[in-house]
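Peer 1: Spelled out, the chains give:
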Amino acid sequence: AAASVHRGQVTHFPCLPSELTDQQKEFKEVARKFAQEEIIPVAPEYDRSGEYPFPLIRRAWELGLMNSHIPEDYGGLGLSSFDSCLITEELAYGCTGVQTAIEANSLGQMPVIIAGNEAQKKKYLGRMTEEPLMCAYCVTEPGAGSDVAGVRTRAVKKGDEYIINGQKMWITNGGKANWYFLLARTDPDPKCPASRAFTGFVIEADTPGVQPGKKEMNMGQRCSDTRGVTFEDVRIPKENVLLGEGAGFKIAMGAFDKTRPPVAAGATGLAQRALDEATKYALERKTFGRLIADHQAISFMLAEMAMKVELARLAYQRSAWEVDDGRRNTYYASIAKAYAGDIANQVATDAVQIFGGNGFNSEYPVEKLMRDAKIYQIYEGTAQIQRLIISREHLAKYKR
Amino acid sequence: MAARVLVGVKRVIDYAVKIRVKPDNTGVVTDGVKHSMNPFCEIAVEEAVRLKEKKLVKEVVAVSCGPQQVQETIRTALAMGADRGIHVEVSGKDYDSLGPLQVSKILAALAKKEEASLIILGKQAIDDDCNQTGQMTAALLDWPQGTFASEVAVEGDKLKVIREVDGGLETIKINLPAVVTADLRLNTPRYATLPNIMKAKKKKITNVKPGDLGVDLTSRLEVLRVDEPPQRQAGVKVETVEDLVGKLKEAGRI
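So the sequences go chain by chain: A and B.
For the first sequence, full-length UniProt numbering begins at 1 and goes up steadily by one.
For the second sequence, full-length UniProt numbering begins at 1 and goes up steadily by one.
With the rest of the complex left out, here is chain A (with noise of 0.2 Å):
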């Protein structure tokens, strides 16, 4: 029968509008002349020396570039994804070290927005609006990273507060938030699935016991803040938990889908930069007698890069627009992030093959590109679990 395998049928067409509105145009233009006017100049001292780049943090900020996703009853400016994604992809375009401290914000404070009661947003989206301050989303351990079940940071109630002991690791803004979405476990029974046993919590930063560790070193992104944070024997009250005991986990993944679209817009920009600099050089480079732009070798290449950037970009303004409608949108973020991380590694690595020699030095700005890409396929969801995630939803259709 021709009763159909065929699972691709559209019923809602992404009318992605055929131009964007002033007002998002607007927007853009303030975060592309931002990032070309002060990120980019200082970019690359940054990466060197490793210094968390503060300055730009506040002055993004005082533009209203930050903490875009808060409510606008919290001080925010209530941005759809589709907004937050444009203005991350012309941020990450000028440095992904400087974006990701910013858009670690967005993830800590999705939870309080997703989960929060009215006194919990108030407080802690609220002074977010008020003063540049920076959260972090602390979840990943040492010994849990994909496996968020596998969390044994524990939470252990006594009276009207939670005692919290354990260690977690590889904290964006570790070391310089104001508070932490933390995930905890609650229920000490291995038994129970982990959709009950885990809370989330929001943490003050300085609440006693709260240690963290060293800035890391890391190859790429590096004045963005990461670092292990260690929790001993921290008291918090029973006031700072989301939604309620056991709702942890939930909160943990549902607010991926709202932050793995901008995650894919970063990883866009940084592969638009890394191919307007290959495209540039290559139209200044000659070899054997001729630009190497007319060489099809390198031309080929940047049809390649092209095509993949322009895809990488398509998918994360589908995934945001999803969301933004409405609808639940795991299958389109995950399949955005996956590509944008993996087409910005490939980029990267031919922009520093279309620069030659040259590409590998450090004074030309391909070979930073290179490096930052890598974490694209690891956080937020590794390459890896995003092709697991993908296959769940893809053949849950078949199973209909």
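Be careful, since some hints might not be right.
Okay, the calculated beta carbon distance ranges per label pair [claimed, not checked]: (1) B:Leu224 to A:Pro71: 27 to 37 Å; (2) B:Asn207 to A:Pro237: 54 to 64 Å; (3) A:Asp22 to B:Val21: 23 to 33 Å.
EDC-like mimics (lysine to aspartate or glutamate), calculated; alpha carbons at most 20 Å apart, straight line [claimed, not checked]: (4) A:Lys214 to A:Glu51; (5) A:Lys28 to B:Glu72; (6) B:Lys201 to A:Asp22; (7) A:Lys25 to B:Asp129; (8) A:Lys33 to B:Asp128; (9) B:Lys18 to A:Glu37; (10) B:Lys34 to A:Glu37; (11) B:Lys199 to A:Asp22; (12) A:Lys25 to B:Glu72; (13) B:Lys18 to A:Glu277.
Because the hints were derived from the structure by calculation, they are not lab data.
Heads up, the beta-carbon is just placed ideally off N, CA and C, and yes, glycines get one too.
Add chain B to chain A, keeping to what the hints say.
Peer 2: Chain B alone, transformed into the frame defined by chain A:
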């Protein structure tokens, strides 16, 4: 104390764009090319907004002449802090031939209509480099002018203007109402922040036709031809100072 300031803002090809002459040599390519507010107009808007923040003026009105697209430029001024905008609708051939004479007539008419007591303009536009509109506007209104301003201070009912001139700096005092044109070092224009861009959407832009202001747009100029500047020729390297002098003599330069 000037109650109302009129600021003229011009939509021009963005300063970073590589200009190309149209193949028929009638002008430059503008289709699909990035446009933005003339940098000197940005400085003018910034100065007006600062005067308002110091409570020396009550209202800043941004004005632009041109087709629908100039509303973007007015919106940028609103996002920087102007209170409202006026879009003077000029399009087609009229827009192609729009120049300082027509714009200054429009600004003079608006200044009377809006009862403005201060007009701040950029010293010149980066597309035509005319450096005439401010001066003509002042003449039409019979107002004093402080051009190439690198500093403006309100002193009672007068304006102290420090002007950048070839010999250095000239300080003058002029009565209000007056026209001021902004030079590069007058200030550093602020970014439009995202919250201000959103607020600007609620600010009003009124549409006006030049005819309503009694202005005749006929141009007295006809552009005959537009050409690119000549290509830069390769230089010649010489070994000694004698060779250099010899070559300069050959070329009739000395």
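Peer 1: Indicate, hint by hint, whether the structure satisfies it.
Peer 2: Results of checking the hints against the structure:
1. B:Leu224 to A:Pro71: 27 to 37 Å: violated (59 Å)
2. B:Asn207 to A:Pro237: 54 to 64 Å: holds (58 Å)
3. A:Asp22 to B:Val21: 23 to 33 Å: Holds: the Cβ-Cβ distance is about 30 Å, inside 23 to 33 Å.
4. A:Lys214 to A:Glu51: Measuring from Cα to Cα gives roughly 13 Å; hence the hint holds.
5. A:Lys28 to B:Glu72: Holds - the C-alpha atoms of glutamate 72 of chain B and lysine 28 of chain A are around 14 Å apart, at most 20 Å.
6. B:Lys201 to A:Asp22: Answer holds: lysine 201 of chain B to aspartate 22 of chain A is near 10 Å, not above 20 Å.
7. A:Lys25 to B:Asp129: It is violated: about 28 Å lies between the C-alpha atoms, which goes past 20 Å.
8. A:Lys33 to B:Asp128: Answer violated: lysine 33 of chain A to aspartate 128 of chain B is near 24 Å, above 20 Å.
9. B:Lys18 to A:Glu37: holds (19 Å)
10. B:Lys34 to A:Glu37: Given pair lysine 34 of chain B, glutamate 37 of chain A holds - Cα atoms ~17 Å apart, limit 20 Å.
11. B:Lys199 to A:Asp22: holds (13 Å)
12. A:Lys25 to B:Glu72: Roughly 10 Å separates the two Cα atoms, so the pair holds.
13. B:Lys18 to A:Glu277: Given that 20 Å is the threshold and the Cα spacing comes to 18 Å, the pair holds.
In terms of the numbered hints stated before, the structure departs from hints 1, 7 and 8, listed from lowest to highest.
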